[in-house]
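K.L.:
For the protein sequence lines, the chains are L and H, in the order given.
Numbering (the working numbering) for the first sequence: 1 to 381.
Numbering (the working numbering) for the second sequence: 1001 to 1064.
Wrong hints could be hidden among the right ones.
[What the hints assert, rightly or not] Subject to a maximum C-alpha distance of 25 Å in a straight line, what follows is the list of computed DMTMM-like cross-link-like pairs (lysine to aspartate or glutamate):
1. H:1044 / L:46
2. L:295 / L:238
3. L:58 / L:46
4. H:1044 / L:210
5. L:295 / L:260
6. L:295 / L:306
7. L:58 / L:210
8. H:1044 / L:4
9. L:295 / L:279
[Unchecked claim] Per the computed footprint, the stretches of chain L lying under chain H, defined by three or more beta-carbons under 8 Å from a beta-carbon of chain H, are:
10. 6 to 17
11. 71 to 85
12. 169 to 178
13. 200 to 211
[As the list claims (entries may be wrong)] Estimated spans, in silico, between C-beta atoms of each pair:
14. H:1015 / L:98: 25 to 31 Å
15. L:279 / H:1024: 32 to 38 Å
16. L:347 / H:1004: 51 to 57 Å
17. L:341 / H:1015: 53 to 59 Å
18. L:169 / H:1032: 44 to 50 Å
In short, the hints are calculated from the structure, not lab data.
All C-beta atoms, glycine included, are put in the ideal place defined by N, C-alpha and C.
Okay, here's what each chain looks like letter by letter:
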Amino acid sequence: MLDDPVLLARLQFAANITFHILFPTITIALGWMLLFMKLRFTWTRDSAWMELYRFWVKVFALTFSLGVVSGIVMSFQFGTNWPGFMNTVGNIAGPLLAYEVMTAFFLEAVFIGVMLFGHGRVANWAHTIATALVAIGTTLSAFWIIALSSWMHTPAGFEMRDGVAHATDWSAIVFNPSMPIRLAHMLLASGLTAAFLVAGMSAWRWLRGDRAPAVRNGLRLGVTVAAVLIPVQIFVGDMHGLNTLEHQPAKIAAIEANWETGPHTPLVLFAIPDEAARENRFEIGIPSGASWILKHDAAGVVPGLDQFEERHPPVSPVFWSFRVMVGTGMAMLAVAWVAAWRLWRRGEPGTLVGAALVAMTFSGWVATISGWYVTEIGRQP
Amino acid sequence: MLATHEAASDVPAAMIATTFLGYMGLYAFLLAAYVGTLYYLAGKGRRTDVTVEGPGAVPVPSQA
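So that you can see chain L by itself, here it is in the shape it has in the complex (with noise of 0.2 Å):
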């Protein structure tokens, strides 16, 4: 494995956009909530909102930091690690970058300061305009991301000249045809990132007897936008799965681990992919589930791995991948649902709640870098 300097590359390639991920996936929604607990705050003058407020505005600006450093070692990979890439496609990549770091990072980066330090400094409305230019530029750095690495994915508004990529419509780029869903993907997930890790850490607290009202709106904040954002998450993922079928058939086989294409197939809950058979080992699948999920039709014809000999992504990883993500997108369900119920009814998590609250805190990170893994290591070969 060390002498390979393919997968070498893509190794420290993943093992950075991986880091990497952790800390957008939070900064893009908690950017919202916080411009939330800065409004009730201003609507209620209930101080409770501003503690709140001043405690996950530091974890904010760390989490934000964070995601900057590594995203710029990311951009370096670019070019040290995928020189060709980067040679083919820089005409639409290198503007995509561009426009994120000019219209988005440049609106972070001069508005967090005010958002961290303003507050008794600048007048109170400065201070919430502050805060939601902040969450507006880490939501359009999202947008030009999405846009760079689903142009990756289904590129259009493109011509090849002498083996470079040209532009031709900026339009059709920017909005390519897995662009929106992914885009809508990714907030979503973001938002039940943000959410879990502050119903997590409040019930944390919770859990150690601190009854403060901060702890109390942080938990029912963090619990109603996890059960709000879940079912509509699920739904919005089952869209990108249909444009994955559109778009990158290969990927859905793989997903689903079906070798053969046909009707009637089944949707395998679990098996051990065995490539060099071309056959799954211990399957356990619900007959014509596939089939129905994707065509939503039990007979509807699902491509198989066999359209794609040699020319599909590794099974195994991209099969695993996906049931991480969505066994932990059903976890988050429970649990959300089950504390938003408890809270509403009795006001409080209890133990058990609490300690699963607690439990699910980092659960977005599993969902999103399995979901990530999906989206990209299926793009192989």
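With chain L's structure known, arrange chain H on it following the hints.
P.N.:
Structure of chain H alone, referenced to chain L:
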């Protein structure tokens, strides 16, 4: 379609392996420090010095 091996650099494998291990060590340290800091901040407990202005303000009650 541009395959991954066509886009890779010609940097020696040993050099990539060395920097990869360096990154892994650094990221493990930073991640542990990040999570530790979160729980340190949370464990410090509640603030009682929040400035609240204007009529109808609800002050933070004293710590039990």
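K.L.:
Starting from the hint list further up, note which numbers the structure goes against and sort them upward.
P.N.:
8 and 12
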